[in-house]
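Residue numbers (the working numbering), protein chains in the order written: chain A, 4 to 345; chain B, 4 to 345; chain C, 4 to 345; chain D, 4 to 345.
Everything labelled a hint here was simulated from the structure, so no lab data went into it. Values in this document were obtained by computation on a predicted structure and should not be read as measured data. Note that beta-carbon positions come from the ideal geometry of N, C-alpha and C, so glycine has one too. Hints may contain errors.
Per the computed footprint, the stretches of chain C lying under chain A, defined by three or more beta-carbons under 8 Å from a beta-carbon of chain A, are [claimed, not checked]:
no., segment
1, 81-93
2, 166-175
3, 206-212
4, 282-295
Restricting the straight-line Cα-Cα distance to at most 27 Å, the calculated cross-link-like pairs of lysine-lysine (DSS-like) are [claimed, not checked]:
no., chain 1, residue 1, chain 2, residue 2
5, D, LYS59, A, LYS253
6, D, LYS264, A, LYS57
7, A, LYS273, C, LYS209
8, C, LYS188, A, LYS273
9, A, LYS188, B, LYS188
10, C, LYS273, B, LYS57
11, D, LYS59, D, LYS253
12, B, LYS59, C, LYS264
13, D, LYS264, A, LYS59
14, D, LYS209, B, LYS253
15, B, LYS273, C, LYS59
16, C, LYS253, B, LYS59
17, D, LYS253, A, LYS59
18, B, LYS209, D, LYS273
19, B, LYS273, D, LYS209
Simulated DEER-style distance windows between Cβ atoms [claimed, not checked]:
no., chain 1, residue 1, chain 2, residue 2, range
20, C, PRO28, B, GLY54, 20 to 26 Å
21, D, GLY277, B, ARG43, 33 to 39 Å
22, A, ASP254, D, ARG136, 57 to 63 Å
23, C, LYS188, A, TYR114, 45 to 51 Å
24, D, ASP70, A, TYR114, 55 to 61 Å
25, C, GLY301, A, SER65, 47 to 53 Å
There are 4 protein chains.
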Amino acid sequence: MTTVSIVGGSGYAGGELLRLLLDHPHFEVVQVTSERQATRFVHTVHPNLRGRTKLKFVPSASLESVDLLCLALPHGHASKRIDEFADKAGRILDLSADFRLDDLERYERTYGEPHAAPEWNTKFVYGLPETNRSQLSGASYVSGVGCNATASNLALLPLARAGLLDPERPVLVDLKVGSSEGGNKPSLASHHPERSAVVRSYAPVKHRHQAEVEEQLGLDDVWLSVTSIDMVRGALATAHCWAPEEVETKDLWKAYRGAFKGEPFVRVVKDRVGVYRYPEPKLLWGSNYADVGFEAEGRRIVSICAIDNLMKGAAGTALQCMNLMLGFEETLGLGFPGLHPI
Amino acid sequence: MTTVSIVGGSGYAGGELLRLLLDHPHFEVVQVTSERQATRFVHTVHPNLRGRTKLKFVPSASLESVDLLCLALPHGHASKRIDEFADKAGRILDLSADFRLDDLERYERTYGEPHAAPEWNTKFVYGLPETNRSQLSGASYVSGVGCNATASNLALLPLARAGLLDPERPVLVDLKVGSSEGGNKPSLASHHPERSAVVRSYAPVKHRHQAEVEEQLGLDDVWLSVTSIDMVRGALATAHCWAPEEVETKDLWKAYRGAFKGEPFVRVVKDRVGVYRYPEPKLLWGSNYADVGFEAEGRRIVSICAIDNLMKGAAGTALQCMNLMLGFEETLGLGFPGLHPI
Amino acid sequence: MTTVSIVGGSGYAGGELLRLLLDHPHFEVVQVTSERQATRFVHTVHPNLRGRTKLKFVPSASLESVDLLCLALPHGHASKRIDEFADKAGRILDLSADFRLDDLERYERTYGEPHAAPEWNTKFVYGLPETNRSQLSGASYVSGVGCNATASNLALLPLARAGLLDPERPVLVDLKVGSSEGGNKPSLASHHPERSAVVRSYAPVKHRHQAEVEEQLGLDDVWLSVTSIDMVRGALATAHCWAPEEVETKDLWKAYRGAFKGEPFVRVVKDRVGVYRYPEPKLLWGSNYADVGFEAEGRRIVSICAIDNLMKGAAGTALQCMNLMLGFEETLGLGFPGLHPI
Amino acid sequence: MTTVSIVGGSGYAGGELLRLLLDHPHFEVVQVTSERQATRFVHTVHPNLRGRTKLKFVPSASLESVDLLCLALPHGHASKRIDEFADKAGRILDLSADFRLDDLERYERTYGEPHAAPEWNTKFVYGLPETNRSQLSGASYVSGVGCNATASNLALLPLARAGLLDPERPVLVDLKVGSSEGGNKPSLASHHPERSAVVRSYAPVKHRHQAEVEEQLGLDDVWLSVTSIDMVRGALATAHCWAPEEVETKDLWKAYRGAFKGEPFVRVVKDRVGVYRYPEPKLLWGSNYADVGFEAEGRRIVSICAIDNLMKGAAGTALQCMNLMLGFEETLGLGFPGLHPI
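Chain A on its own, in the form it takes in the complex (with noise of 0.2 Å):
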């Protein structure tokens, strides 16, 4: 087995790694910290792991030496303190947005503040195993990845490979979210009367997970724009863009299929009969997968991708990514197919 401890898993991204981990059968999990529910069982703020976990939280300071250390730390944290984190432990999965950037300027655009550990920054792979799996293979240390980066990543993906986007054309990814992106703080936005039944213009301008996507894929004329629903987790990317001719169909289904095959996570959702004929978040809830689509009209290409934010968005692929460190089955531990009608 290997030993691995979730640092800072309160949280919720921490909590659905957790679940994924007791379930894993080469994991063990030591230890998870919390400074404020240090003390408590687990299950008191991961509920639905009541029975299934004896483990209470601990503070960092009693942090035991593993082989894997996941960290789940608001943003910032991870940087500041990776040299003790290293102390104790030989590969790290850091779920933060501290390592998601090797340009280091844009990391400072994007955050407002230099980078706190930039010697650092170049030992780790951006875990998406769709565009950096042979990196990730055996790696030590990997950055998770920002959610609506990975729905916005995964639904561009296809059509920059093959040259579909046009240069002198904006590429719109217009991403509607659900509330678990916030985090679990409580607050009077978040309060549920007030964001119940909301269709909340969040972030109409400047979300952050748009440098990953410029990075990732190259591109300097992309745009994130940010609407919060009422949907706990969740997320669609609808992105906008401009092939550099009329498209047809079949070209983009070789586009597609040629990107993602042999992608155990990714399912191109294009139907003409059902009634869930583009991908759909709410049937990911709980699962790895993102599914892609897409629709056309001429120039305009309209593709398509959901996520579940906590799960390909963040814990899955992390999972996904630390099976790839350590040669593991790639899949293991992610075979919850997702569940219907919900």
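Fit chains B, C and D to the known structure of chain A by using the hints.
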């Protein structure tokens, strides 16, 4: 114009009352107080009032004399400061629970401390027009009603009046309620990812509004149980009752029609066709109606009442009482019928 | 009193118009037709009107002459039977898409068949007061608006008028809409277990309302894309635009205030504090407001409009037009401000 | 591998059972029948199974012999065609209500017609492991359970077993349920704009599952009442009970722990801290747990059970029984813990 101010107007019930008063032909809202929101436009807290009023919140220390004062303060504040408020206005409508119970022992048992102003308590009329209309007409001091108490009282009134409640059997009122009942203070329990989709046993036993039902209907074997569901406004009371002997549907119709004859805001809803055969709270959002229906088999009777907890359960009934206090037409300012579909 | 009847009054838009007309001081509703529901009380289909009217549906064959006829029929019916209806009333308000487009080629391209009554089409004024008020005043024949077209048109109007749309870049309107837009015919796609919680790419390309935006604003590189979410009423248009050059916030404020100055039902919403900093459709349920806001970075502008699709997007604007047609105060019968919390 | 086919597999319970069986280590799904969907891929109806199986629906006429047949047909079909099905398999698991009641008079009273196959009825074991485990082990014919019956039975089991139900007082079970209980046939009542946000008194009296509770627990003064709320999966039973005399919390703990000791899928949930202090159905979506909790004051006891109606209330318990029938580990294929947040 009758001048009116709202003390503690940043909460949900106060905001709803403000909405109603701003469109009322005979009331002029002079001030709305809030310590925390003082100097802000009321529409920053009650965003539906954007463009409808230029009022700003003021601290209660700057309260001026008016014809009628509406108190919408947290529990215990109205009774402790009642002399101060009575100096400002000859008429008071208090939305809190402070003056709802005549029986001071019941008050102490329910709220865990002796009443702060027992001499004032006797001056207040319980503000439910369906039971106390004559005392409310021209009254100077009126207490608002509990939302769940009102749904329960109106469900049970026809049976209690017609002698259709077997004293040997319990009356069990199972209420399904929305999140606005909890007020506007955020907490982890009201955080959208936690509060969404719940069927939360909020008060399986010992709900405080039970005291108002015992007192208004003179029952001593009546029990309220409250479950919170994923809805912002609305309450449905399902009252499980037993008649002394088997009862026919036509006798129930007679009891219900008799109890609510001439009531401008109670409709008896029991249909054989259509989608909405029983009372449905969503149809009442923003409306002052209480819809009441029933079903029976043998001696068992299920009586059902739907309300908007902020309207018939709070601000709407309060305005109905204010109309009665001042001799206005009882329905003035309460004409909104509710929406469909919704 | 001006007499009015509604043809095809069992649908959602017809029902909403009926609700408004029943409370209007100058209109008297004479008949409401429905072939399928004939002889039933209107409140069996529109349950919010229980106790508000004793009207029953009648078949359209028994339609009597009135001052004004409102048509709320499925697409294609109004134009095919327009002579029949014009015999019954000197004024007609048609809620369907039959008479919305001046350009008959665009009509044929959009709706897939030639217009059934081109000679009548020229008599109809497009019923958006914010663009056509003067023609609507005293008009005899008025066409209602498309809900998604209206949200898009009002989002884009300030930019189009102020010359802030770069003709070299596309305008992309990404709409998030509720289930009432689909009407009241059940299907598996609208079945609650299937329709609940969706983020359904309903019309990624080729939404018919695009034609109304092209025509009203004179744009030819504008694209609508519609996603259905878990909401009954409401539409939010997120319009992604590019200005010819970098634009300052104060110039945008000037453009928006200029476009909507004096408009009784458009509010510019762009706040730095509070929970609702941009337009929010849930606050508009039942209200005739269109709330419009914006955000910008460099040349990129995101313009946002929220409406209740059944009100400002259909019945509300229709009544606003009827007030103009008959010389009544434009806001009569449209005073409901919307609710909060909701 | 044990071969298994599902007859009537296009419905929600059949689809859920298919999801479970596809991931079960010892079952091989051979056929899934549906007359209406025959020749279509099962994932067009159960979209969560996209990429998980290449099975297509077949008509039941082409049913082949297998080790075990699961019947998921509408009420009445299984009993009328039982000989036909028994020819195809030595073991049958029937999800319908046809073989749930031992007492044929109760059956006729409940379902309005005599039983179609009384001689077969005696061969079927009621498939609730928590009451009938020993008979289920190795059984050939097992009947599935009613969802609302199961939530009620598990809420009441500890009290019934411990003699804590006063025979002089009624037991009233008030259930809150989701829309998936109604199956996958669309109607106006299930149309999203109508069904959304409801608190619909679906069966205030005379719910058919009451018969299963009477029979399993031997009670004759027990009453079910069902209210539909805005949720797809999940049922919460709130059982209002009276003890013969005042009861202490520790005695209730003893009764609940005693009743469910060693039960792999029942958890007693009653906490003093955290957001989820009582059973909560949303935490169980996709899981086979039944969570049971309680509260008491004096002689009054409120017992609460949450389940996923398609899992512990149907397909999950069915698979639990199939594991028992075949001597597999009882929990096999039922390991999913449920999600949080959700």
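Hint by hint, here is what the structure shows:
Three residues within the 8 Å Cβ limit are the bar, and the segment 81-93 of chain C against chain A gives 0, so the coverage statement is violated. A stretch counts as covered by a chain when three or more of its residues have a beta carbon under 8 Å from one of that chain; for the segment 166-175 of chain C and chain A the count is 3, and the coverage holds. Counting residues of the segment 206-212 of chain C whose C-beta lies closer than 8 Å to any C-beta of chain A gives 3; at least three are required, and the coverage claim holds. Figure legend: the segment 282-295 of chain C, annotated as covered by chain A; annotation consistent (4 residues with Cβ-Cβ distances under 8 Å, at least 3 required).
Note on LYS59/D and LYS253/A: the hinted pairing holds, with a Cα-Cα distance of about 25 Å set against a maximum of 27 Å. Distance check on the hinted pair: LYS264/D and LYS57/A sit about 18 Å apart at the alpha-carbon level, within 27 Å; holds. Restraint check: the Cα-Cα separation between LYS273/A and LYS209/C comes to about 16 Å, which is no more than 27 Å; the hinted pair holds. Only pairs whose Cα atoms come within 27 Å are accepted, and LYS188/C paired with LYS273/A is accepted, the gap being roughly 25 Å.
Under the criterion of a C-alpha separation no larger than 27 Å, the hint pairing LYS188/A with LYS188/B is consistent with the structure, at around 13 Å. A distance of roughly 17 Å separates the Cα atoms of LYS273/C and LYS57/B; the hinted pair therefore holds under the 27 Å criterion. Between LYS59/D and LYS253/D, the direct Cα distance comes to roughly 54 Å. Violation of the 27 Å bound is thereby established for this hinted pair. Taken as a hint, the LYS59/B and LYS264/C pair is honoured in the structure, with Cα atoms around 23 Å apart against an allowance of 27 Å.
Distance restraint check for LYS264/D and LYS59/A: the Cα-Cα separation of roughly 23 Å lies within the 27 Å cut-off, and the hinted pair is therefore satisfied. Of the pairs offered as hints, the one joining LYS209/D and LYS253/B holds, with about 19 Å between alpha carbons and a cut-off of 27 Å not exceeded. Between LYS273/B and LYS59/C the alpha-carbon distance is near 18 Å, which keeps this suggested pair within the 27 Å criterion. This hinted pair checks out: LYS253/C and LYS59/B have alpha carbons roughly 25 Å apart, not beyond 27 Å.
A C-alpha spacing of about 25 Å is found between LYS253/D and LYS59/A, which places the hinted pair at or below 27 Å, so the restraint holds. In summary, the hint linking LYS209/B to LYS273/D is supported, as the alpha carbons are separated by about 16 Å, within the 27 Å threshold. Restraint check for LYS273/B and LYS209/D: the C-alpha separation of about 16 Å stays at or below 27 Å, so the hint holds. Separation of PRO28/C from GLY54/B is about 22 Å and conforms to the stated range, judged on CB atoms against 20 to 26 Å.
Here the CB-CB span from GLY277/D to ARG43/B is close to 35 Å, well matched to the stated 33 to 39 Å. Restraint check, ASP254/A to ARG136/D: a C-beta distance of roughly 59 Å satisfies the suggested window 57 to 63 Å. In this structure the hint that LYS188/C and TYR114/A lie 45 to 51 Å apart at CB holds, the actual value being about 50 Å. With their beta carbons about 59 Å apart, ASP70/D and TYR114/A fall inside the hinted range of 55 to 61 Å.
Between GLY301/C and SER65/A the C-beta distance comes to about 49 Å, which sits within the given range of 47 to 53 Å.
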